[in-house]
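Protein chains in written order, with the UniProt record's numbering: chain P, 1 to 260; chain G, 1 to 260.
Read the hints as simulated data drawn from the structure, not as lab findings. Where hints are given, some of them may not hold.
It does not matter which identical chain is meant; a pair holds if it fits inside one copy or across any two.
[Claimed, not checked] Here are the simulated SDA-like pairs of lysine to any residue, each with C-alpha atoms no more than 25 Å apart in a straight line: (1) Lys-231 to Leu-241; (2) Lys-18 to Lys-225; (3) Lys-138 to Val-46; (4) Lys-221 to Ser-66; (5) Lys-131 to Leu-142; (6) Lys-113 to Ser-27; (7) Lys-138 to Thr-54; (8) Lys-192 to Asp-248.
Protein chains: 2
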Amino acid sequence: MISVTLLGAGNVGTHLFKAIHKSKQVSLKQWYNRSIESISSYKNKVSITDDISTLEEADVYILTVSDDAIADISSQLPFENRLVVHTAGSVNIHNLDKKHKRGVFYPMQSLSKSAEIDFKDVPICIETIDKADYHLLKSLALSLGCPVKKVNSDQRHVLHLAAVFVNNFTNQMYRIAHEITESEATEFDLLKPLIMETARKVQDMSPYMAQTGPAMRGNLKTIKKHLALLKKEQHKDIYNLITQSIQDTHASTPLSNRKS
Amino acid sequence: MISVTLLGAGNVGTHLFKAIHKSKQVSLKQWYNRSIESISSYKNKVSITDDISTLEEADVYILTVSDDAIADISSQLPFENRLVVHTAGSVNIHNLDKKHKRGVFYPMQSLSKSAEIDFKDVPICIETIDKADYHLLKSLALSLGCPVKKVNSDQRHVLHLAAVFVNNFTNQMYRIAHEITESEATEFDLLKPLIMETARKVQDMSPYMAQTGPAMRGNLKTIKKHLALLKKEQHKDIYNLITQSIQDTHASTPLSNRKS
Ligand SMILES: NC(=O)c1ccc[n+]([C@@H]2O[C@H](COP(=O)([O-])OP(=O)(O)OC[C@H]3O[C@@H](n4cnc5c(N)ncnc54)[C@H](OP(=O)(O)O)[C@@H]3O)[C@@H](O)[C@H]2O)c1
Ligand SMILES: NC(=O)c1ccc[n+]([C@@H]2O[C@H](COP(=O)([O-])OP(=O)(O)OC[C@H]3O[C@@H](n4cnc5c(N)ncnc54)[C@H](OP(=O)(O)O)[C@@H]3O)[C@@H](O)[C@H]2O)c1
Numbered sequence: 001m002i003s004v005t006l007l008g009a010g011n012v013g014t015h016l017f018k019a020i021h022k023s024k025q026v027s028l029k030q031w032y033n034r035s036i037e038s039i040s041s042y043k044n045k046v047s048i049t050d051d052i053s054t055l056e057e058a059d060v061y062i063l064t065v066s067d068d069a070i071a072d073i074s075s076q077l078p079f080e081n082r083l084v085v086h087t088a089g090s091v092n093i094h095n096l097d098k099k100h101k102r103g104v105f106y107p108m109q110s111l112s113k114s115a116e117i118d119f120k121d122v123p124i125c126i127e128t129i130d131k132a133d134y135h136l137l138k139s140l141a142l143s144l145g146c147p148v149k150k151v152n153s154d155q156r157h158v159l160h161l162a163a164v165f166v167n168n169f170t171n172q173m174y175r176i177a178h179e180i181t182e183s184e185a186t187e188f189d190l191l192k193p194l195i196m197e198t199a200r201k202v203q204d205m206s207p208y209m210a211q212t213g214p215a216m217r218g219n220l221k222t223i224k225k226h227l228a229l230l231k232k233e234q235h236k237d238i239y240n241l242i243t244q245s246i247q248d249t250h251a252s253t254p255l256s257n258r259k260s
Numbered sequence: 001m002i003s004v005t006l007l008g009a010g011n012v013g014t015h016l017f018k019a020i021h022k023s024k025q026v027s028l029k030q031w032y033n034r035s036i037e038s039i040s041s042y043k044n045k046v047s048i049t050d051d052i053s054t055l056e057e058a059d060v061y062i063l064t065v066s067d068d069a070i071a072d073i074s075s076q077l078p079f080e081n082r083l084v085v086h087t088a089g090s091v092n093i094h095n096l097d098k099k100h101k102r103g104v105f106y107p108m109q110s111l112s113k114s115a116e117i118d119f120k121d122v123p124i125c126i127e128t129i130d131k132a133d134y135h136l137l138k139s140l141a142l143s144l145g146c147p148v149k150k151v152n153s154d155q156r157h158v159l160h161l162a163a164v165f166v167n168n169f170t171n172q173m174y175r176i177a178h179e180i181t182e183s184e185a186t187e188f189d190l191l192k193p194l195i196m197e198t199a200r201k202v203q204d205m206s207p208y209m210a211q212t213g214p215a216m217r218g219n220l221k222t223i224k225k226h227l228a229l230l231k232k233e234q235h236k237d238i239y240n241l242i243t244q245s246i247q248d249t250h251a252s253t254p255l256s257n258r259k260s
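Chain P with its partners taken away, still in its complex shape:
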């Protein structure tokens, strides 16, 4: 049985609470949040607190607080030499106060309080300073049903960067499509099956193999037509830059072999 104390009750904290609460191999000691109101409805399920000095002993303390609060909260913890981890993709492990055994327990997923998620779809990237701590965190992640990946700091930062491309930047592509369809009285809804299929395709095919379209085919007539349709300069810039990127990626594929 692994005992956990959770700090923070935002998107990540709330999902972790639910997963730990469900797990038979993990027990939740305490749940701390700066503002007690956001967790008070859980008080019959777990011991809650907003007083950091009351934290009791646990195998691991998971800090799911905002990136900028990690260093501060880790210093405030009223003990030392216990395992303390944060959940951020781009915060250095050494931001945690060095009085602790330290680790990172980074969930590679987009978590919102309001959206359900299956933890089998939440790969946990684990980084620790001591090897022994890795094994504990690995057991913890597996107990919650998560896939696990051991990473070093550089790899974690690269994964976070890659996540920005496939999540935030992809979502901005959807947003631009939303803007241009709505402004022309067509429906963004029509694009939803295509959005799902585009994501599904790369589940078992490389993005390189999955590419199609006018940029890849070098279809200048269509590209010119599209640029003329775009009203915002910034959208034209994005169209040009990503078209160029696609063409550079596929520069060595003969045009006649490119799928339409």
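Got chain P; can you put chain G with the ligands on it based on the hints?
Only chain G with the ligands this time, still in chain P's reference frame:
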């Protein structure tokens, strides 16, 4: 019963063949392809030909040939005043020879011969010159199990442009993530659940509401770290431009309300 003759046997032609073959309300008269070999394995299921002069009467002729071949093939058809449609997102309806009744039957989906697709996920955008032809094409699409949307030329071109953003450009975001993860000995596979979830989120939430991340939060420290990690100048340019686009989109949301 609607009778159809299909021309072309690429990605779209092959999927339409299968859907028509399965449908009880649609009969396939003939299947034409320039190179007969690619359809010869179907000869027990449908009358096949590579001789355009042998085409018999049908309610509708669907041209699923490459964009550049549409005008030419439509002129070669050995009849007039029958309904002829093409399936392209960005080809003008008037590229079809004016001796025909003309229409467009544009599937808003990414179709590959090799990948199965459920036709309920293939919205058909229909454009016709005569209203009566619209009703026939609508019945045809519904008979194949497709959602239907009536569009005019401008709307169809805008939808095709939006499809480039959510399909080709999104896929290039995946590609860049693939490049940067592979070059740093991490695994693109770890990103796959996030890719699916990002697509799933906008099925019932606007991309505006779904946005998160360092660009939206104005987290300059992380943005700088990411730029330093990117090795290709072009990737830096893309990172900067899309970060700017996200910030412009959310400029009116106070920073404190932006989700992390
Ligand atoms: N959301 C995701 O998809 C995701 C994915 C991977 C990693 N992460 C990482 O997980 C961590 C939490 O993210 P989140 O999305 O859960 O954030 P969030 O929803 O904004 O929640 C932030 C939490 O931090 C607390 N907090 C903020 N500043 C604090 C301070 N100065 N002192 C004490 N507590 C403070 C908040 O307390 P109050 O309730 O009192 O405001 C809240 O409990 C971050 O490091 C983030 O980078 C997030
Ligand atoms: N694939 C998609 O996801 C998709 C989605 C929406 C719309 N579309 C549109 O649908 C149409 C077909 O696309 P596709 O992906 O099916 O293309 P494709 O797989 O490349 O197939 C092209 C077809 O056109 C034929 N063809 C090409 N040039 C010809 C010529 N000069 N004369 C006669 N036949 C010729 C080819 O015949 P051979 O077999 O003899 O080479 C083949 O049957 C295009 O207008 C495209 O814009 C495609």
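A quick look at each hint next to the structure:
| no. | hint | verdict |
| --- | --- | --- |
| 1 | Lys-231 to Leu-241 | both (16 Å within a copy, 17 Å between copies) |
| 2 | Lys-18 to Lys-225 | neither (50 Å within a copy, 32 Å between copies) |
| 3 | Lys-138 to Val-46 | within (23 Å within a copy, 57 Å between copies) |
| 4 | Lys-221 to Ser-66 | between (48 Å within a copy, 14 Å between copies) |
| 5 | Lys-131 to Leu-142 | within (17 Å within a copy, 60 Å between copies) |
| 6 | Lys-113 to Ser-27 | within (21 Å within a copy, 50 Å between copies) |
| 7 | Lys-138 to Thr-54 | neither (27 Å within a copy, 68 Å between copies) |
| 8 | Lys-192 to Asp-248 | between (28 Å within a copy, 24 Å between copies) |
When held up to the earlier numbered hints, the structure conflicts with 2, 7 and fits the remainder.
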